[in-house]
Each structure stands twice: as structure tokens, then as C-alpha cells.
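**Student:** Take a look at the letters that make up each chain.
4 protein chains.
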Amino acid sequence: MSRLQHVMVSFRKQGFMRLLHARISRLEKGLVEISASNRPELSQQDGFVHAGVMATLADNAAGYATLSLLPPGSRVLAVEFKLSFIRPAVGQAIRARGKVRKLGRTIALCEIEVETRRQGKWVSCAWGSETVYCDIAKSQNQQGPL
Amino acid sequence: MSRLQHVMVSFRKQGFMRLLHARISRLEKGLVEISASNRPELSQQDGFVHAGVMATLADNAAGYATLSLLPPGSRVLAVEFKLSFIRPAVGQAIRARGKVRKLGRTIALCEIEVETRRQGKWVSCAWGSETVYCDIAKSQNQQGPL
Amino acid sequence: MSRLQHVMVSFRKQGFMRLLHARISRLEKGLVEISASNRPELSQQDGFVHAGVMATLADNAAGYATLSLLPPGSRVLAVEFKLSFIRPAVGQAIRARGKVRKLGRTIALCEIEVETRRQGKWVSCAWGSETVYCDIAKSQNQQGPL
Amino acid sequence: MSRLQHVMVSFRKQGFMRLLHARISRLEKGLVEISASNRPELSQQDGFVHAGVMATLADNAAGYATLSLLPPGSRVLAVEFKLSFIRPAVGQAIRARGKVRKLGRTIALCEIEVETRRQGKWVSCAWGSETVYCDIAKSQNQQGPL
Chain D
928 MSRLQHVMVS FRKQGFMRLL HARISRLEKG LVEISASNRP ELSQQDGFVH
978 AGVMATLADN AAGYATLSLL PPGSRVLAVE FKLSFIRPAV GQAIRARGKV
1028 RKLGRTIALC EIEVETRRQG KWVSCAWGSE TVYCDIAKSQ NQQGPL
Chain B
928 MSRLQHVMVS FRKQGFMRLL HARISRLEKG LVEISASNRP ELSQQDGFVH
978 AGVMATLADN AAGYATLSLL PPGSRVLAVE FKLSFIRPAV GQAIRARGKV
1028 RKLGRTIALC EIEVETRRQG KWVSCAWGSE TVYCDIAKSQ NQQGPL
Chain G
928 MSRLQHVMVS FRKQGFMRLL HARISRLEKG LVEISASNRP ELSQQDGFVH
978 AGVMATLADN AAGYATLSLL PPGSRVLAVE FKLSFIRPAV GQAIRARGKV
1028 RKLGRTIALC EIEVETRRQG KWVSCAWGSE TVYCDIAKSQ NQQGPL
Chain F
928 MSRLQHVMVS FRKQGFMRLL HARISRLEKG LVEISASNRP ELSQQDGFVH
978 AGVMATLADN AAGYATLSLL PPGSRVLAVE FKLSFIRPAV GQAIRARGKV
1028 RKLGRTIALC EIEVETRRQG KWVSCAWGSE TVYCDIAKSQ NQQGPL
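Chains as they are written, first to last, in my numbering: chain D, 928 to 1073; chain B, 928 to 1073; chain G, 928 to 1073; chain F, 928 to 1073.
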């Protein structure tokens, strides 16, 4: 199993991504983008996309951007993240991007950004950072016999 | 409409809270707690409660803790939040608490904490802070004739 | 007085910048860089530049990057900042850059980065974000008769 | 050498603490307080204590609060910290407190708070969190023969 397949397999195990109808829309080594259509179920009280939806997609994008750089069988855990909200999140679709800025031996630092699409244009709504703990698989044997 | 009723009315407008089956379980001036039962739809890849669910409930609790101190008709907006993850979030239920530490003229600072219930005991899983922007209603007339 | 002069005048009032022997090394609208030579007085226990020195220069750079966009007579106040440390800060010199990512009516969001120079090359040591509160001068008359 | 002595020895190696005339004013397992007298050299442009001074003392207090829980010979490194500023820092003296909220195998999470003394009373000026990386000494033999 390749590193990018490893990300896809892990992503499909997340019940919460299914609840949000979210999908991985871009997957490269060190960069992952997760997207969802906007719908009333994702709204806060003023009809904007809920800050929690943005945080969820951004956190996931950062975790998988990190996992994409690690050998299959590795695990990632969010240590902390901080997200600043720049504009009200309105639009037909939402996407979050996680990008690894520094991968250390046990800790990775990611930049996270969230955008919504308004009249065909993507506009930045939130931006921040996430620290990810990396539990790196020592060898592929740790994955089991298959 | 009282300040606490104002919080309830706003909360019920959030489509995302319905999707999470979340409810306000404690509501005081400056302190709000939001709870949900755990279920597979809220999980990440290892079966724990998704960090995004914790962030969502915590962000909401902080916003409403702030709103509970403002005159009805006021609005709150998250400026930024930071959440640190302390333990894997496992258990039958999850709750997040937002508590206002400082209310300024336009900005409030809240402490946020997330717990899960395991074998009848609440255990802290995440902790952090949120900055909330307060758009304070000048008079109750802004709410309209009712 | 121009906006950039306004920044210089404010900077020179900071006793702490003198204690650090820090100077503004780059000054554009929305981007400020502050530099200092490294010396034993700025060290932590392992001889690296102290995280507090990095935080100080970064906080200042963000504040002045914001002030550079506001009319003279305006004031800025740090609401909060978050800084992640990427590498040990060693080298002959240190510089921090603040860049405004979003300027709202009362709040600005800045990206901050700290670098040290090692063998003639600048290397990134810390990266993060700062929220700045803007107390915007309504007219230049607020500055007084001079 | 005890854990608390280990903290004192490390603290005295910091050139930056001498420059700030800072001292450890409270030292318990998991809780450290660092204090300094206020003076013009620590000021920002409006005469308040510089945010960088607050960040420096808070970061140090968190690091040493963590180190106080680890076997001598261990090392701590700041991963990231976030500090929110609540009130202008005015007064005759300043102190920062770091308190360990969770000590994991390699990462500790600390709460940080900064106060200034005004007319004999300590007032909270800044509050936040710090993530500390712990490089735990495996045995005291790592410290060398003395």
C-alpha cells in the first residue's frame, strides 16, 4: 500500500466525514485538501458555514497532509490547532487545505486554510496552524501479514 | 426576551447542532455547556470522537457563554480559537464547556474544555481558549417590535 | 507625518527594543521586519536565542505591520498571538517578520515568522499568527496641533 | 541533584533572564512562577510592560514547570505557545506562572498566566497555553560522572 492509498483508507474509516459528505479533493505528499458541498445542515445561526465545520475539515486536512509523508502503518494525532476566522463563510462549497511546513522526528507543523466558493470564486475564510504528533511505523511489518 | 432565552433561540437556528444531535445542557451567565451522545457518525479513523466534533461543541459553548452576557439582539463571532488535545476522546457522551474569562467592550476571551464520559465519569480530553468578537446591541429596539 | 514615519516614532519609544538592541530593518505597508544581533544576553539555557526574544520581535513586527496600514494617530494592541518553534534558534543574527493577512474594521490578522542567520543564510526558526486590535484615529486632528 | 535544583541550575544559565533581572519566585512540582520588577527598559510605546516581556516570562515558567516533573538531565523545548492579552500591563512588578495541566510521555500541556502588581494587588494581564516537548533522561547516568 502506498502512502497516498494509506491516507484514503484511513479517511474512509471516519464516520464524521460521511456525516459531512466530505471527500478528499486533492492529495499530494505533504498537501491535502478536503471539500464538501454547503447545505443547511452545516450552518450556524446566521446561515453561514459553522466554524466547527471549518475546523473539522482543516484539522483533517492537516492530519492527512502529515500522514501522506509517513510510511504506511504510521498514525497521526492532533496535538493542538489554532484557527482564525477572516470572513463569514458563505457560498455553495467549502474546502480546507493542510500543508506541512515542518516535519520533525515526532512532531509536524502544518498550515491550514479554509475557503468557500462564491459565484465561482474561492475566497479565504479561515487560516491557522496545527501541531500533529507522528507515531511513525518502524517497518512495514507492523502492518500485519498482508 | 431574556439573555438566556436569546441564547436558546440562536442555538436552535444552527443546522449543524441538529446534525450532531447536540443540546445545551447548562446555561448560566458567562458559562455554557453543550452535550451530545457519542455515536459512530461522530468518529475519526480510530473510533474516537473526531477532533472536529470537540472543536465544534467547544466553539459553540464559548460563543454562547459570551452571548449570555450581552443584551438580546447582540451578535457574537469567533475571532479565533485554539484547542489542545489531551487524551483520546472515548466514551458514551461528550460535552464542551465555554466560560468567559474576560469581557471587554468588543472582545471576550473564553476558556474552553471538552470532556467525555467513561464508565460514568467525565474525563477531560481537550482544553483551550477562544476569542469572541461582540457586536453589542445598543438598545432592545434593534430586536424589532416583538 | 506619514504612516511609515508614525511607525518609526512609535518604535523608538519602546524601552524594550533598546534593551534588545533591535531595529526596524524593513518597513513597507503591511510588512515590517525587526532585527537584532545575537549575543549571550539573549540566550536560553542551551545557548540558543531565547523563545521570548523571538516572541518579542515577532509580536512587535506584527503590531507595526498593522500600524503601517492605519492613519497616523491610530493605536494597535495585541489581542493574542501563537508561535510555533520549528528549529533551535542559533546564529549570528535574528529577524522577525510580521505581515498583515487581513485588515478588518477593528481587527487585523498577521502572519509572523522568525529567522536566524547561520553562515550567511537565513533559516526559519518560528512561525505563527497574531491578532491585533486597531484603535483607528478618526482624523489627523486627533494627533494634536503638531 | 533534585528536580527542583535542576530547574534552578538551568535557569541560571539563561542570559536573557539576567537581562530582564528576572528570578524564580515560586518553585513547586508542576508549578513555577517567575518575577521581575518593572522598569523603563521593559516598556512598549505606551509605557506598559511589553507583550514580549510577558511572553518571555510565561514561556519560561511553562518550560520550568514541566522540567520540575522530569528526572534531572532531562531537557524541555517549547513546541508552541499562545498568549491572550487581557489588560494593559501596568504596575511596579510583573510575574508569570506556568502550571502543568497534562504530562504525557513526550509532550506536556501548560497553562500560563501573567499578572502585574498595582497598588499592592496582583491583576491578571495575559493568559494562555504552552505545549512543551520533553526529552526525558533515561537514567541519571546521562548526566555525567558528577
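One or more of the hints may lead you astray.
If several chains are the same, the list does not tell them apart, and a pair holds so long as it fits within one copy or across any two.
As the list claims (entries may be wrong) - Derived pair list, reagent style BS3-like, types lysine-lysine, alpha-carbon separation capped at 27 Å:
| no. | residue 1 | residue 2 |
| --- | --- | --- |
| 1 | K1026 | K940 |
| 2 | K1048 | K1065 |
| 3 | K1026 | K1048 |
| 4 | K1065 | K1026 |
| 5 | K1029 | K1048 |
| 6 | K940 | K1065 |
| 7 | K1065 | K956 |
The set of hints was computed from the structure by calculation and includes no laboratory data.
**Student:** Now, for every hint given, state plainly whether the structure supports it.
**Tutor:** Hints and how they fare:
1. K1026 / K940: Answer is within; shortest intra-copy Cα gap is 22 Å, inter-copy 34 Å.
2. K1048 / K1065: Classified as neither: same-chain Cα gap 43 Å, cross-chain 34 Å, threshold 27 Å.
3. K1026 / K1048: both (21 Å within a copy, 24 Å between copies)
4. K1065 / K1026: Intra 24 Å, inter 34 Å, cutoff 27 Å: intra-copy only.
5. K1029 / K1048: between (30 Å within a copy, 18 Å between copies)
6. K940 / K1065: within (23 Å within a copy, 37 Å between copies)
7. K1065 / K956: Answer is within: at 19 Å inside a copy they meet the 27 Å cutoff, but 35 Å across does not.
The structure shown violates just one earlier hint, number 2.
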